[in-house]
Amino acid sequence: MDQTAEPNIPDWGPFGKPLFDNPEARALSRVGVVDVGSNSVRMVIFDGAARSPAYFYNEKVMCELGAGLSETGRLNPRGRERALAALRRFQRLSDDLGLPGLHVVATAAVREAEDGPDFCEEVHSETGLTVEVIDGGEEARLSAQGVLLGWPGAYGLICDIGGSSMELAEIGDGEVGRCLTSPLGPLKLRDIKGGRRARKKHIKATMEDLRAQMGPQRDRLFLVGGSWRAFARLDMLRRGYPLNVLHEYRMTRKQVHQTIKFIEKGDPDKLRSLAGVSSSRMSLIPYAMDVLARLIRTFKPKDIAISSYGIREGLLYEQMPQNLRDCDPLIEASRFSEAKDARLPGFGKHLYDFVMPLFKSAPETRVRLVKAACLLHDVSWRAHPDYRAEVCFDYVTRANLGGLKHSERVFIGLALQHRYRNKREGNRFAPLYELLDEKDQKQAEILGKAMRFGAMLWMQNDATMGTLRFYPKKRELELLLPEAGRPLFNEVAEARLNSLANALNSEIRVIVRG
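Numbered continuously in our numbering, the sequence shown closes out at residue 1654.
No wet-lab data here; the hints were simulated from the structure. Warning: the hint list may mix true and false statements.
[What the hints assert, rightly or not] Pair ranges (Cβ atoms, derived):
hint, residue 1, residue 2, range
1, P1612, L1237, 48 to 56 Å
2, S1419, M1496, 49 to 57 Å
3, T1392, N1630, 49 to 57 Å
4, D1577, D1258, 40 to 48 Å
[Said to hold, decoys possible] Straight-line alpha carbon distances no greater than 20 Å define the calculated DMTMM-like cross-link-like pairs of lysine to aspartate or glutamate that follow:
hint, residue 1, residue 2
5, K1563, E1618
6, K1341, D1359
7, K1200, E1211
8, K1394, D1409
9, K1613, E1634
10, K1200, D1235
11, K1442, D1235
12, K1401, D1359
13, K1440, D1430
14, K1563, E1504
15, K1344, D1430
16, K1405, D1443
17, K1442, D1526
18, K1333, E1221
19, K1579, E1634
20, K1500, D1359
21, K1340, D1235
22, K1545, D1493
23, K1442, D1313
24, K1545, E1565
25, K1440, E1458
26, K1500, D1349
27, K1442, E1504
28, K1545, D1577
29, K1341, D1235
30, K1333, E1315
31, K1582, D1526
32, K1442, D1466
33, K1582, E1616
34, K1563, D1534
35, K1500, D1481
36, K1582, E1530
37, K1440, E1565
38, K1340, D1313
39, K1440, D1534
40, K1614, E1631
In this text, all values refer to a predicted model and were calculated from it rather than measured experimentally. All C-beta atoms, glycine included, are put in the ideal place defined by N, C-alpha and C.
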């Protein structure tokens, strides 16, 4: 199938027209970036809807280039060999996949090591790749842009922790503000003499200096980096959290402190195994959590969110035209999925128009979820009919979709589940429903049943569809059906309309017009 938007779909008001089918967006459809960090070397190839790209390829090698840097001033020799081998492989993969090239950036370890320039020359000589060594401020800026890729309206403080450094950046109104760098990476902290007491003293002094430069930061704290993600996995383990998705995972300051105590009292090997954290990453957690404890004590954020997007996504964001940056990543990704996988690309827009009378007073935050659900309502049609409800719920709650809180993932997933099945009891997803309150669960059910009914009335994009009217005070649901659509309103469709009316606690009135 041609992976472009339906050409005749009109503008969706404040959400605009699809952009992934124009030349500027198509130029970003497959982009390869490599991040040569102090702890790992990773290649990511982005593909799909440019505003909310999928990870076509993602490979990481834990090289520890920055191990011992504080003592020797040079890159870890074994890490250097492993990094060079990884870059040879990445360059070959790039050629085999027909990419126009790889954008390679190196951060703290390479920029600080005396043999950093020599390493870059060796990489270029052996692979033809040009390594761009960026300074700490640029690293902070790119990480902040990565967060903006997933949250266009995000505001607060970004903290990106790598192996040899930690960066801070402030964001607001879609812009990146002050950017700072510090030597608070776990590999450097590991080299500090004097044990944990000396390390904590060093972290406190450095953090106070950062606060003096950054100023008050009382909004959201976004955590970027592998050590923070590993910490979040341990927090999920302690809490028994039901949705194992790191992006947009939220913690409070109290929960962070509770998890630090949980880690300190637990057996590292057992915790690592239960949380699915690698041994190399787990060895850095004690240093990272000391930084995190001081960070939240210093800046006192109102809440804490994990971002899976960072410097690599920031490199992609850097290449986007402004009109693409301004788009909603959730809506663009949903449009792309519909164009690629639905039986009738473009039908989601008409289905949205059909169900919206039920959500006339909904805030914009809910409206965008209704739009996304309507676009995604048919993308799982290839699954076996007995499992479509489960497949679509699983897809939405775990898919790489930007701009979604965990509760919003569950809302869309539950709506899509009801699009294929009246009842939701008796399946393995029940623990996830607890992320929604009863009112939102009911709203998701209403949306799903409205989509389930609406999908029966219209099988062509140019057909005349029925119209819903809802009178909440009178508890009346009205269906205006054109004469041409009357044959579609059979007993199955009527049963689905009755199910929707029951969810709305309303009576039905059907009007057929010639």
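Violated hints, by number in ascending order, as checked against the structure: 4, 5, 6, 7, 8, 9, 11, 12, 14, 16, 17, 18, 19, 20, 21, 22, 24, 25, 26, 27, 29, 30, 31, 32, 35, 37, 38, 39 and 40
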